[in-house]
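Per our numbering: the sequence shown = residues -13 to 88.
Source of the hints: derived by calculation from the structure; they are not laboratory data.
Incorrect hints may appear among the rest.
[What the hints assert, rightly or not] Label-pair distances were calculated between CB atoms; the ranges are:
1. His70 / Lys42: 18 to 26 angstroms
2. Ile49 / Arg26: 12 to 20 angstroms
3. Glu60 / Gln38: 27 to 35 angstroms
4. Glu44 / Trp65: 28 to 36 angstroms
5. Ala66 / Ser13: 13 to 21 angstroms
6. Ser13 / Arg63: 25 to 33 angstroms
All residues carry an ideal CB built from backbone N, CA and C; glycine is no exception.
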Amino acid sequence: DKELLRLLRCPEGLRRWRQLQAGRGGSVLEWGAALGVCARRQLWPDALTLIQEMPKMEVQPNIVCWNAVLAACERGRAWAMALHLFSDAFRTPGGLTPNVVT
């Protein structure tokens, strides 16, 4: 989709995405690195796309992944989205526990 295509225009993002596609879904570290690219470049829609794709590729997002998505939202000034994601990721039963970065 469009958000993912924007990420792929970035050389670092394209390299990370190719790594993810090469395997059965890549490791959570590879996904986290791609999400880190989104955070650094303020690409919060791309970060949302990636974190939604992770379970489809049989990779469970960890706290680092969620922190990168929240950072992308924060840097992209998408505060409402960040609050929504925080609620979904950390306040649902069985959800993750926020850390000092979160």
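Which numbered hints fail: Violated: hints 3, 5.
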